[in-house]
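Chains as they are written, first to last, in numbering that gives the first Met the number 0: chain A, 0 to 219; chain B, 0 to 298.
Calculated directly from the structure, the hints in this document are not laboratory data.
Careful, some of the hints might be misleading.
Below, in silico cross-link-like pairs of lysine-lysine (PhoX-like), each with a Cα-Cα straight-line distance of 25 Å or less [claimed, not checked]:
# : chain 1 : residue 1 : chain 2 : residue 2
1 : B       : LYS282    : A       : LYS55
2 : B       : LYS133    : B       : LYS223
3 : A       : LYS78     : B       : LYS57
4 : A       : LYS55     : B       : LYS287
5 : B       : LYS287    : A       : LYS78
6 : B       : LYS258    : A       : LYS1
7 : A       : LYS55     : B       : LYS223
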Amino acid sequence: MKFKSVFDIIGPVMIGPSSSHTAGAARIGRVARDLFGKQPTWAKIHLYGSFAETYKGHGTDVAIIGGLLDYDTFDERIKTAFEDAKKAGLSFEFIPETANTEHPNTARIVIGDDKQEMSMVGISIGGGKTEITELNGFPLRLSGNLAAILVVHEDRSGCIANVANCLAKYDINIGHMEVSRKEKGNMALMVIEVDQTVEEDILEEIGKLPNITQVTRIAD
Amino acid sequence: MEVLFHNVRELVDRANKEQKLISEIMIEQEILITGRSRAEIMAQMDRNLTVMEEAVEKGLNGVRSTSGLTGGDAVLLQAYMKKGNTLSGELMLDAVSKAVATNEVNAAMGTICATPTAGSAGVVPGTLFAVKNKLNPTREQMIRYLFNAGAFGFVVANNASISGAAGGCQAEVGSAAGMAAAAIVEMAGGSPEQSSTAFAITLKNMLGLVCDPVAGLVEVPCVKRNAMGASNSLVAADMALAGVTSRIPCDEVIDAMYKIGQTMPTALKETAQGGLAATPTGKWLEAKIFGGAVVSSGN
Numbered sequence: 000m001k002f003k004s005v006f007d008i009i010g011p012v013m014i015g016p017s018s019s020h021t022a023g024a025a026r027i028g029r030v031a032r033d034l035f036g037k038q039p040t041w042a043k044i045h046l047y048g049s050f051a052e053t054y055k056g057h058g059t060d061v062a063i064i065g066g067l068l069d070y071d072t073f074d075e076r077i078k079t080a081f082e083d084a085k086k087a088g089l090s091f092e093f094i095p096e097t098a099n100t101e102h103p104n105t106a107r108i109v110i111g112d113d114k115q116e117m118s119m120v121g122i123s124i125g126g127g128k129t130e131i132t133e134l135n136g137f138p139l140r141l142s143g144n145l146a147a148i149l150v151v152h153e154d155r156s157g158c159i160a161n162v163a164n165c166l167a168k169y170d171i172n173i174g175h176m177e178v179s180r181k182e183k184g185n186m187a188l189m190v191i192e193v194d195q196t197v198e199e200d201i202l203e204e205i206g207k208l209p210n211i212t213q214v215t216r217i218a219d
Numbered sequence: 000m001e002v003l004f005h006n007v008r009e010l011v012d013r014a015n016k017e018q019k020l021i022s023e024i025m026i027e028q029e030i031l032i033t034g035r036s037r038a039e040i041m042a043q044m045d046r047n048l049t050v051m052e053e054a055v056e057k058g059l060n061g062v063r064s065t066s067g068l069t070g071g072d073a074v075l076l077q078a079y080m081k082k083g084n085t086l087s088g089e090l091m092l093d094a095v096s097k098a099v100a101t102n103e104v105n106a107a108m109g110t111i112c113a114t115p116t117a118g119s120a121g122v123v124p125g126t127l128f129a130v131k132n133k134l135n136p137t138r139e140q141m142i143r144y145l146f147n148a149g150a151f152g153f154v155v156a157n158n159a160s161i162s163g164a165a166g167g168c169q170a171e172v173g174s175a176a177g178m179a180a181a182a183i184v185e186m187a188g189g190s191p192e193q194s195s196t197a198f199a200i201t202l203k204n205m206l207g208l209v210c211d212p213v214a215g216l217v218e219v220p221c222v223k224r225n226a227m228g229a230s231n232s233l234v235a236a237d238m239a240l241a242g243v244t245s246r247i248p249c250d251e252v253i254d255a256m257y258k259i260g261q262t263m264p265t266a267l268k269e270t271a272q273g274g275l276a277a278t279p280t281g282k283w284l285e286a287k288i289f290g291g292a293v294v295s296s297g298n
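The shape of chain A in the complex, shown without the other chains (with noise of 0.2 Å):
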């Protein structure tokens, strides 16, 4: 089921004209930065679908950059994001796409600084909701059914087992879990699923451990 809470349905509370053009988009550009865990100094959004044909009368760009400024769907300061993006100091560019994609209305935003780069994939559903399908390259394979956090870290042995512990101390049951990496030693990343909520503070504990880059949790 990909919608769990009555609050998909009633809600979410946000800023117009449209849940999947405004609030998904918003949402996707937040779990961007969340992922990232910085704010980008440059971003290259490119839109594919509906997203494409219609961003700009649906404020899609400007909810993007308001979520990639961590701006929630119902933050007013949506409506300013691109003056606000430009006194943060990230500059950002919009390519719509003729590619055909699986799902409408779907996003791929690549962030960075002078230091990182990232890409990510995000749909947006319907009713505000959304999902992550891509992330640098790894496909993402949700099942949606269960909370879910992110780990993005160093190819190093003892990661995963670090990561399973600290999940283990806390009574988190992992439910579904998979890993991936590019290439040996390089980046990798850790798809968890699991039972329970996992509390804002135990995902700090979580990224401080060794070599681990980046912690998000996603699906609530």
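Position chain B against the provided structure of chain A, taking the given hints into account.
Frame of chain A, contents of chain B only:
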């Protein structure tokens, strides 16, 4: 994931068996799925209800979108109602004006609560705040209205779609109108079965509705489709309460909506390439708006 209902049939059966309201089943499921307390869940819905109230109020005071395409119609409707010569009746036009008010606020990038989407956010609150004056519900009953609507929306979102880009306007305003009809029935004291019937009758009459926003803006025809969605739901609720039934079961209507959405051309699914968006005036408006000029005509 364990849920209490996967479709409308299971929802109605459970409500009947346990002698509970549909809104109650939705609340119990939310507790089950999220592990949050009833008090927390009720409080969150209460806050959403407040957002809806504020949006209606703001719209009734008059707003205008940046493009100039929409705004001010809720004010016109309320002024017309006050003259006392309405043809479709005061409650009907009250619902219509409040649905319009909400969507005018949405189009002006104001704060709204998506029900189930932003483009269709007017129907559920519009009908609620109009029916309220007739049925005098408690605050809790108003919150329950939203849980009942949410239960039907939950089924549609999971078994079909509530996205205009995926299923056309039938998936958005169609779903919203069905949700409102079901909730009106519960508030008016109808049975769970009658809620299901009201949903089915409403959605049957919105099947095939395309999503063709002029210039890609959630304005024309979205605001007026919310008006008609609200009126549709009131009529369907009255029909269900009168004992009229739907030959096609609710779940099959939802399934039909889904299949129609899948076969609908992309040009008619929120791409602003077909329908009203592709009319000469639609194209002209688009050029005006994105050419930077201010449009002064109404929608």
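Against the structure, the hints come out as follows:
| no. | hint | verdict |
| --- | --- | --- |
| 1 | B:LYS282 - A:LYS55 | 15 Å, holds |
| 2 | B:LYS133 - B:LYS223 | 24 Å, holds |
| 3 | A:LYS78 - B:LYS57 | 18 Å, holds |
| 4 | A:LYS55 - B:LYS287 | 14 Å, holds |
| 5 | B:LYS287 - A:LYS78 | 21 Å, holds |
| 6 | B:LYS258 - A:LYS1 | 18 Å, holds |
| 7 | A:LYS55 - B:LYS223 | 21 Å, holds |
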